[in-house]
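*Asks:* Using the sequences provided together with the hints, build the complete structure.
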Amino acid sequence: MSRRASGLRAWALQRASAVYLAGFGLYLVLHLLTQPPADHAAWQAWVARPWVNLGLLLFVPTLLIHSWVGMRDLLIDYVWPTGARVLLLTLLAFGLVASGLWALQALILARMG
Amino acid sequence: MSTDQRPVFLELWRIRLPITGWVSILHRISGVLLVLLLPYGVYLLDLSLRDPQGFATAQAILGSGPARFALLLLAWSLAHHLLAGLRFLLLDLGIGVERLAARRSAGIAIAAGLALTLIAGGLLL
Chain A
1 MSRRASGLRA
11 WALQRASAVY
21 LAGFGLYLVL
31 HLLTQPPADH
41 AAWQAWVARP
51 WVNLGLLLFV
61 PTLLIHSWVG
71 MRDLLIDYVW
81 PTGARVLLLT
91 LLAFGLVASG
101 LWALQALILA
111 RMG
Chain B
1 MSTDQRPVFL
11 ELWRIRLPIT
21 GWVSILHRIS
31 GVLLVLLLPY
41 GVYLLDLSLR
51 DPQGFATAQA
61 ILGSGPARFA
71 LLLLAWSLAH
81 HLLAGLRFLL
91 LDLGIGVERL
101 AARRSAGIAI
111 AAGLALTLIA
121 GGLLL
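As they're listed, the protein sequences go chains A and B. Numbered according to our numbering, the first sequence terminates at residue 113, and the numbering increases by one at each position without gaps. Numbered according to our numbering, the second sequence terminates at residue 125, and the numbering increases by one at each position without gaps.
If you're looking for bench data, these hints aren't it; they were derived computationally from the structure. Here the structure is a predicted model, which is why all the values come from computation and not from measurement. Even for Gly, the Cβ is constructed at its ideal location relative to N, Cα and C. What you were told as hints is all true, and nothing was included just to trick you.
Going by beta-carbon spacing under 8 Å, a handful of chain A positions derived as facing chain B: (1) His40; (2) Ser67; (3) Gly70; (4) Ala110.
Per label pair, the in silico range of CB-to-CB distance: (5) B/Trp22 <-> A/Trp46: 35 to 43 Å; (6) B/Val97 <-> A/Gly113: 47 to 55 Å; (7) A/Ala45 <-> B/Leu90: 35 to 43 Å; (8) B/Arg14 <-> A/Gln35: 48 to 56 Å.
*Replies:* Shown next as structure tokens:
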């Protein structure tokens, strides 16, 4: 198992990432509910704002770490056959990294306009 | 006694889970739902940012029937995961650890999560 995200370190990572996700995530949800973007130009301009863009770029790896630690805990708790567990952990890792890179691509392209 | 011969009691319908246990298992279930919805969210983010046509398509997708159901599921997952998560953070700080307080906050987290889902449902439907 990975030493970099297990035990006390995983516990601490999960809580530190939770604080950022809760804070920025709440801001995102409230903004989208109160001021939904009217059209593509407005949406793109909002995402390209330096602080929003930076906040989103930081949101992606934080979300990936939080998802990885949480799902890894669940797979260790509920999936006991080693082969199945390793397979699911591998699929999870690829899925998360692919989603993350995809999101970063979209955010950086939006920033460049 | 080897680990293979340990007695196992896993008759789920006979295990009466306390409300603090419900918050915990629902926190896990909502977390899994959020991870499963993540690729769709990234797809919509990319689509909506691509060009005006993509933005319109994303809007149409979000307005469709199955998407409204998914959004409702997303609303509950987000609300419950956030509230239960904040409760766990407070417990980690030693706040509300006593049994009565922990039970009360568990009830509040579940109820508030459902209330927020109802509000979101009102906004969506």
